[in-house]
Amino acid sequence: MLPYILKRLLLMVPLIFGITLITFIVIHLAPGGPVEVETEMSLKASAQARENLKRLYGLDKPLHVQYIDWLGRFVKLDFGKSFVDGKKVIDKIKERIPVTLTINLLSLLVIVLIAIPVGVLSATRQYSLFDKLTTIFVFMGFSTPTFWLALLLMIVFGVTLGLLPISGIQSIDVSEMGPLDRVIDWIKHLILPVGISAFGGIAGLSRYSRSSMLEVIRQDYIRTARAKGIKESDVIVNHALRNALMPVVTILGLSVPGLIGGAVIFETIFAIPGMGQLFYNSAMARDYPTIMGILVIGAVLTLIGNLIADISYALVDPRIRVKG
Amino acid sequence: MLKIIWNRFKKNPLSVAGMIVILTLAGIAMFAPFIAPYEPTSIDVYNVLSAPSISHPFGTDELGRDVLTRMIWGSRVSLKVGFVAVGIAITIGTILGAISGFYGRRIDALLMRFVDIMLAFPTFFLILAVISIVEPSISTIMIVIGLTGWMDVARLVRAEFLTLKERDFISAARAVGVADTRLIFRHIIPNALSPVFVAATFGIAGAILVESSLSFLGLGVQPPDPSWGNILTSGKDNITVAWWLSLFPGIAILITVLSYNLVGEGLRDALDPRLWHVER
Chain A
822 MLPYILKRLL
832 LMVPLIFGIT
842 LITFIVIHLA
852 PGGPVEVETE
862 MSLKASAQAR
872 ENLKRLYGLD
882 KPLHVQYIDW
892 LGRFVKLDFG
902 KSFVDGKKVI
912 DKIKERIPVT
922 LTINLLSLLV
932 IVLIAIPVGV
942 LSATRQYSLF
952 DKLTTIFVFM
962 GFSTPTFWLA
972 LLLMIVFGVT
982 LGLLPISGIQ
992 SIDVSEMGPL
1002 DRVIDWIKHL
1012 ILPVGISAFG
1022 GIAGLSRYSR
1032 SSMLEVIRQD
1042 YIRTARAKGI
1052 KESDVIVNHA
1062 LRNALMPVVT
1072 ILGLSVPGLI
1082 GGAVIFETIF
1092 AIPGMGQLFY
1102 NSAMARDYPT
1112 IMGILVIGAV
1122 LTLIGNLIAD
1132 ISYALVDPRI
1142 RVKG
Chain B
395 MLKIIWNRFK
405 KNPLSVAGMI
415 VILTLAGIAM
425 FAPFIAPYEP
435 TSIDVYNVLS
445 APSISHPFGT
455 DELGRDVLTR
465 MIWGSRVSLK
475 VGFVAVGIAI
485 TIGTILGAIS
495 GFYGRRIDAL
505 LMRFVDIMLA
515 FPTFFLILAV
525 ISIVEPSIST
535 IMIVIGLTGW
545 MDVARLVRAE
555 FLTLKERDFI
565 SAARAVGVAD
575 TRLIFRHIIP
585 NALSPVFVAA
595 TFGIAGAILV
605 ESSLSFLGLG
615 VQPPDPSWGN
625 ILTSGKDNIT
635 VAWWLSLFPG
645 IAILITVLSY
655 NLVGEGLRDA
665 LDPRLWHVER
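Residue numbers (the numbering used here), protein chains in the order written: chain A, 822 to 1145; chain B, 395 to 674.
These aren't lab readings, by the way, just hints derived from the structure by calculation. Beta carbons are placed, not taken as given, at the ideal position from N, Cα and C, and that holds for glycine. Among the clues, some could well be false.
Here are some chain B residues pointing at chain A (derived, C-beta under 7 Å) [unchecked claim]:
(1) Gly421
(2) Met424
(3) Leu603
(4) Ser606
Below are the DSS-like pairs computed for lysine-lysine, each with C-alpha atoms no more than 25 Å apart in a straight line [said to hold, decoys possible]:
(5) B:Lys404 to A:Lys953
(6) B:Lys630 to A:Lys1009
(7) A:Lys902 to A:Lys882
(8) A:Lys953 to B:Lys405
Just chain B, with the same shape it has in the complex (with noise of 0.2 Å):
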């Protein structure tokens, strides 16, 4: 199954050069106190807003800090705030999804109100408002930004739930008398996944915005860490003398989230059986 899936998805080179970016961005993430050259938060008062160079390729900030050191430590935080966002996102959606579709009736009419309500917000104005209560750091946007991107999801896990349960083999299952939490986690949501991971690569993408959005705002990771998002910042205060300073960190992001968005496109054609035996 994995391997059937894997040679649909190779066929889409954009695809598979999208997994490739975002496996060296995770190394590069990891390795990160190896890889760069600088520390990322020492500051350098003669060589402040240095233009790139041999040296600092990518130039230097309004510190004299290097801009590629601190896109490199960047890297970790975006990183980290799409992973663990979005696999909020997914548990709450996935959770309140399959007791939609599979409960029905009341339960299922007051979730997808909540839905509704939740749908209604525009999510940057509730992302702001909790922000505006709670300090901002790196783990309240993750917590933020994955209690109000978890409604998506939760439509999807309730479409599978309404089809998967109607199916033979789910009836059988009920016959022979096996309890609900057994028949929810073990014979429906494992068939119910393929359109979440979907749905999770394109919300990775989606969160990585969000947060250098937030970030660039102020409202994100705080200085001196270092983010893709904040580094704009002092691009955006340097606007007039330091263009170095708005390029790179924003090509950054461009690549890391179109490479999640073409991994999500060739995962969604790879993971969709109807298109399957087309090719076999």
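Chain A with its partners taken away, still in its complex shape (with noise of 0.2 Å):
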């Protein structure tokens, strides 16, 4: 096991080289650069004020040697500072990447938690009213714009019912509350960024997981189960189920981009100080540093996604271990 997972790491470092040059090239095309942004509000900045500015940033020096320089302190985490507020830019994201987190890994779980058992009952009942009404469901799930459909929940559950928050992660009198009231209070505001972000998601495993699901319950070995005369749910559960989860172990590592992508959309409209928001604001005040910091940073989290989708992958199915 120690020698594919090492080999999985090694891969990813070309990958990881790749993925800050992209983001190198991507905002080195911006015309003028950021000394542009910075001048462009006081038209008074001198030509010697633009030119000390390029030299505080290392933009008079040729682009391989600023690449080059910008890798090597993105070697030791240092994005530089924030165009908006001095801070650091590792610090801004620190900062934010809890919140990301938590609600990606929560909607992961509810995606898992609804979406499997969903797959798996439309594939054993395949054609039944159940499984057309699922099929009707994930195509609507494929065709929502996900914003769209947060409006429509803030309007129910937030302005007409009442019943839920509709921004941020925290009411503003939470430091009055009893332990037990934060933790009602932190659900309360959860739930909709939570079911949102989870929707597309278990619109496409549930249909995945049916697919998968569909497949198994054809092969041999499973009608032999069925000869032995095992009972039903033991062959579904014990013998197909197993089978059928392995591909869908390596989708849920392939979500993870979708889901922290997602995350710019959910963040902004339900005001959630997280990852996602410092994105929107970051690339809405042209704060370059912020933006190459979280770029990086949010496709080194998909790998690392995609990584432990590998392992957990080699660690159900002995087949990948061996053959590497």
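Combine the two chains into a complex, taking the hints into account.
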């Protein structure tokens, strides 16, 4: 197992290198670059001042030198300072990551808990009413703009019914609450964001586990198990489910970038102080150091998600470990 | 061949319904100036945020503009973005996938690592980063969505090439001395197109979703130009008083995207030759 993990880790190195290169290229395509952003507010900024700023950011050097400098600092997780408030980018990101990761992990959990049973049930009852209803749900799920769904749920649960808060992750008076009330307050704030970010994933994963399950229950060994007179529920749970779920693990890993990217939308709508909102604000303010930092971190998080999926796949399927 | 595909396609009523919706929407977009009851940007200060009524079936927005009119004009945006963005993605994806699959070895390894790298970025992050640099407009988002959406097509085309290039008719063409470019464009690509068409249909659905999200966030089509996404922005701003601003444009997006997805599903079944002989 260990050699397999090491090999996977080694494969990540060139990918991370490519990620930094693309991030750098994208940002340096900017006409005028960061200096224009800082000086565009003050028309009085002289040519000399611009030159000084350029030197400060090292923008007077050739591009490849700039890239190597930046890469050198990146290895030490130093992304420079934000243009907006002068704070270190890495500190800003560190501050925001826990909220985003919490919501993403919770919605992954919701996705798994709902989608796999639904997918398995509709596979075992293919063409039943339940199967047809889930198929309709899946297509709706693929086609619904999540930000719109968020708006509708905000209107229904927040405005009309007044049941759930529609912004932030805690109430203003949270400091006056007891510990239990705090937890309830926190859960109330998270229901809509987690639900929204899980929504598309539920559709995708239930579809996937359905087709994976359908494939498995047509296999000979399932027929054998039935022929031996094993109870149908045992056949499904013990014989079919295990094998059907293996590829599902991979899909979960692949859904990580979607979840992280989706954070921009729901964090902006629900005013959640996470990485997505930070990224949105930085993009609006053209805060290049922060944008570059989050782009790289977001991509590396995706790689880590894929790595975890690969490792868990190898754990459940011994064939992968041997072949590598 | 087209006839077989059509015969198979029309067996799926939902896909046919999706096709009808798409054609209707294309008609609406094309004839928007003649269909829309009002001017898309004409302001009416006496009718600000009025609820749906006979004169304004979908109500008016915070400047008194007719929502139905703005939605009709907004359908042009979705249509344009969907087709142009996917056109760009398919062109890049097909070319890179073809090169990768045809030449193999080093080029293949290099290009596929490039695909892996591009796929590691959360797409929405990448799009947002580019849009923060260039002025957001409809042409920018079309290009950006195209440039960040070609990876799946490239993988598909590569896979098709890998199987096709081992086939006898390709060896035969090679044996009679057909040049590489001709081999790729005349002999392999036409045979590799079915999955690309299917991916393109799903891709249009995805592009429309991304465009509406971007416009909703203020990073896409800029007001006063209407798009379904930016009408929803005013829906959010007036969330406590004007539900109609939030409801109708969203339904329009949902129906449009759903239609493309249904057509994509129908095409996938219709274009899969493995399923053909079953019926005939």
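Against chain A, with CB atoms and a cut of 7 Å, does the hint on B:Ser606 hold up? Where the cut-off is 7 Å and the nearest Cβ of chain A is about 5 Å from B:Ser606, the hint holds.
Does the closest beta carbon of chain A sit nearer than 7 Å to the beta carbon of B:Gly421? Status violated, d = 21 Å.
25 Å limit on alpha-carbon distance, applied to hinted pair B:Lys404 and A:Lys953: holds (20 Å)
Verify the proposed pairing of A:Lys902 with A:Lys882, using a straight-line Cα cut of 25 Å. The hint holds at about 19 Å.
Would you check whether B:Met424 satisfies its interface hint, that is, whether its CB is within less than 7 Å of any CB in chain A? violated (23 Å)
Quick one, is the B:Leu603 hint okay against chain A at 7 Å, beta carbons? holds (6 Å)
Check whether the Cα positions of B:Lys630 and A:Lys1009 lie no farther apart than 25 Å. Since the Cα atoms of B:Lys630 and A:Lys1009 sit roughly 21 Å apart, the hinted pair holds (cutoff 25 Å).
Pairwise hint evaluation, B:Lys405 against A:Lys953, where the allowed Cα distance is 25 Å at most: Satisfied, since the Cα-Cα distance of roughly 17 Å is no more than 25 Å.
Checked against the numbered hints given earlier, this structure breaks hints 1, 2; the rest are met.
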